[in-house]
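2 protein chains.
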Amino acid sequence: MRIPNHPPIENLQLSKVLHALSDPNRLRIVRSIATKGEEVCTYYSYEFNIAKSTVSHHIKTLRESGIIKVRVEGSQHFYSIRTEDLNKKFPGLMEMVLATDPESY
Amino acid sequence: MRIPNHPPIENLQLSKVLHALSDPNRLRIVRSIATKGEEVCTYYSYEFNIAKSTVSHHIKTLRESGIIKVRVEGSQHFYSIRTEDLNKKFPGLMEMVLATDPESY
Chain A
5 MRIPNHPPIE NLQLSKVLHA LSDPNRLRIV RSIATKGEEV CTYYSYEFNI
55 AKSTVSHHIK TLRESGIIKV RVEGSQHFYS IRTEDLNKKF PGLMEMVLAT
105 DPESY
Chain B
5 MRIPNHPPIE NLQLSKVLHA LSDPNRLRIV RSIATKGEEV CTYYSYEFNI
55 AKSTVSHHIK TLRESGIIKV RVEGSQHFYS IRTEDLNKKF PGLMEMVLAT
105 DPESY
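Each protein sequence line maps, in turn, to chains A and B.
Take the first sequence: its letters are residues 5 to 109, numbered as in the working numbering.
Take the second sequence: its letters are residues 5 to 109, numbered as in the working numbering.
Check each hint, because a few of them may be wrong.
Since copy identity is lost for identical chains, a pair holds within one copy or between any two.
Here are the computed lysine to any residue pairs in the SDA-like style, where the Cα-Cα straight-line distance is at most 25 Å [to be verified]:
hint	residue 1	residue 2
1	LYS92	THR58
2	LYS73	CYS45
3	LYS92	GLU107
4	LYS20	HIS81
5	LYS92	TYR50
6	LYS20	MET100
7	LYS64	SER19
8	LYS73	TYR47
9	LYS56	GLU88
10	LYS64	GLN17
11	LYS56	ARG75
12	LYS20	SER108
13	LYS73	HIS23
Keep in mind that the hints were calculated from the coordinates and are not lab data.
For reference, chain A alone in the conformation it holds in the complex (with noise of 0.2 Å):
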C-alpha cells in the first residue's frame, strides 16, 4: 500500500491552500472531517451524495493542499485535518471557515 504523501509545513501555499477549499463540496468535507472526526471514503460519498470518484478527488485535492492528512490503516484511509500545522501558518483561517454557515458556501 503506497503511503500518500503530504506537504512539510514549510511547504504549505496560501493559494493552494485557498484553492482546495473554493469548492462547495470540499467545504462540506472539511466541515465533516473536523466535527466528526476520522471516516473513511465511502462516507462523504453517502453523505453529500456526490460519486465516491469525485470524494476521492477532491479528497486529494485537500491533502495535496496541506489541509488533510490521511492515515492508511489496511485497506482503507482514514482523514484528518492538519489543524495544528494550518493554524501556525495561516491563523483564523480554519476557524472562519468552520464558523462559517453551509448556506454562504
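Start from chain A and add chain B according to the hints.
Then chain B, alone, in the frame of chain A:
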C-alpha cells in the same frame, strides 16, 4: 460609463471568495490595494509585471466575488477592499490573508 456590478453582502459565497484569493497575483493585488489604498489598473500591471489585460481579469474576479469595490471617476477605475463586508461575513479571513508572508503565496 457602465457602473460595475457589486454583489450585495448577503450574496457573498465563501467558495467564490476563496477562489478569487487562490492565485498568487490576485493575492499580491489584494495586499497592494489593502496597504497602499486606491490605485488604478495600470499601477498593478507595472508593480507586478503582468499584462494589463490580465490585471483587468484579476480585478473582475475580485470584484465579482465581493472582495473589492470599484469606484469610477471619469475614465479611470479605482479599487478598494470591501473590508467591512468581508469582516462581517467571513471574520478573520482578510486579517489572515494580509498577515501571510508573500513568500508563502
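Of the hints stated earlier, which fail here? 1, 5, 9
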